[in-house]
Amino acid sequence: AQKVTQAQTEISVVEKEDVTLDCVYETRDTTYYLFWYKQPPSGELVFLIRRNSFDEQNEISGRYSWNFQKSTSSFNFTITASQVVDSAVYFCALLKTSYDKVIFGPGTSLSVIP
Amino acid sequence: NAGVTQTPKFRVLKTGQSMTLLCAQDMNHEYMYWYRQDPGMGLRLIHYSVGEGTTAKGEVPDGYNVSRLKKQNFLLGLESAAPSQTSVYFCASSYPRDRTFTDTQYFGPGTRLTVL
Chain A
1 AQKVTQAQTE ISVVEKEDVT LDCVYETRDT TYYLFWYKQP PSGELVFLIR RNSFDEQNEI
61 SGRYSWNFQK STSSFNFTIT ASQVVDSAVY FCALLKTSYD KVIFGPGTSL SVIP
Chain B
1 NAGVTQTPKF RVLKTGQSMT LLCAQDMNHE YMYWYRQDPG MGLRLIHYSV GEGTTAKGEV
61 PDGYNVSRLK KQNFLLGLES AAPSQTSVYF CASSYPRDRT FTDTQYFGPG TRLTVL
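Protein chains in written order, with our numbering: chain A, 1 to 114; chain B, 1 to 116.
Keep in mind the hints are simulated off the structure, nothing from the lab. All figures in this text were calculated on a predicted structure; none of them were measured in a lab. Mixed in with the good hints, there may be bad ones.
Here are the in silico distance ranges between beta carbons for each label pair [claimed, not checked]:
1) 10(A) <-> 61(B): 24 to 32 Å
2) 59(A) <-> 63(B): 38 to 46 Å
3) 72(B) <-> 59(A): 27 to 35 Å
4) 67(A) <-> 12(B): 42 to 50 Å
5) 20(A) <-> 67(B): 40 to 48 Å
6) 72(B) <-> 40(A): 20 to 28 Å
7) 69(B) <-> 63(A): 37 to 45 Å
8) 67(A) <-> 116(B): 43 to 51 Å
9) 73(B) <-> 1(A): 31 to 39 Å
10) 40(B) <-> 72(A): 23 to 31 Å
11) 109(B) <-> 111(A): 19 to 27 Å
Glycine is no exception: its CB is placed at the ideal position from the N, C-alpha and C atoms.
Given only the sequences and the hints, what does the whole structure look like? Please build it.
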């Protein structure tokens with residue numbers, strides 16, 4: 001069975017704090033892709049990152065970084081020096097390559113307080 | 001290049017009414033998807049299509065029908081709307097690099113549907 005768990009339903013941080021959003025996935029496939037999407041209050045879904053199962057290198061993009069650990073089936077997302085514009089719901093998702101469907105986690109709502 | 005567009009943006013229906021949501025993409029993507037988003041449940045796949053003329057069921061297909069007569073369009077139909085279908089509907093598309101996996105999905109802006 002495939003599943004994506006985002007245990008943190010809601011997180012509030014004060015601006016400039018660092019925050020980590022957790023994502024744990026389940027799959028029996030050896031080849032798969034993981035994604036993070038951002039959904040700001042305006043409602044659209046914005047693609048942030050894609051990672052394939054063979055690439056465990058951490059990635060940094062500006063204030064965003066992602067930590068992929070196959071040993072713990074986790075793909076965590078850290079925002080450094082958070083800003084109010086980071087307030088959004090963040091979804092982690094898993095694509096099983098043989099199935100061509102993406103399974104989304106329930107999302108984590110992040111509020112950054114000025 | 002508009003990406004993925006959805007029509008309409010908002011709609012209110014009465015129970016039993018029918019309607020069609022239109023999704024269009026101009027990226028020449030092979031795959032298209034319809035999701036619904038409900039509070040606390042993330043996105044759930046309703047139906048998807050891997051090419052023109054083909055459709056398949058996702059996680060929650062009951063009460064919906066789809067058609068993909070043209071590669072760029074993917075229609076989602078509700079024949080007899082029910083209050084349980086009140087949701088935000090997202091369309092997405094993607095382009096497979098080969099037939100074994102699907103690349104990143106790009107989403108439309110969503111349609112907010114209320115069924116009274």
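Here's how the hints hold up against the structure:
1. 10(A) <-> 61(B): 24 to 32 Å: holds, 30 Å
2. 59(A) <-> 63(B): 38 to 46 Å: Hint holds: Cβ distance 40 Å, inside 38 to 46 Å.
3. 72(B) <-> 59(A): 27 to 35 Å: The hint (27 to 35 Å, Cβ to Cβ) holds, given that residue 72(B) and residue 59(A) are roughly 32 Å apart.
4. 67(A) <-> 12(B): 42 to 50 Å: holds, 43 Å
5. 20(A) <-> 67(B): 40 to 48 Å: For residue 67(B) against residue 20(A), whose Cβ atoms are near 43 Å apart, the range 40 to 48 Å holds.
6. 72(B) <-> 40(A): 20 to 28 Å: holds, 27 Å
7. 69(B) <-> 63(A): 37 to 45 Å: holds, 44 Å
8. 67(A) <-> 116(B): 43 to 51 Å: holds, 45 Å
9. 73(B) <-> 1(A): 31 to 39 Å: Holds, since residue 73(B) and residue 1(A) (Cβ atoms, about 33 Å apart) stay within the stated range.
10. 40(B) <-> 72(A): 23 to 31 Å: Check passed, 25 Å falls within 23 to 31 Å.
11. 109(B) <-> 111(A): 19 to 27 Å: holds, 23 Å
This entry satisfies every hint, going by the numbered hints stated previously.
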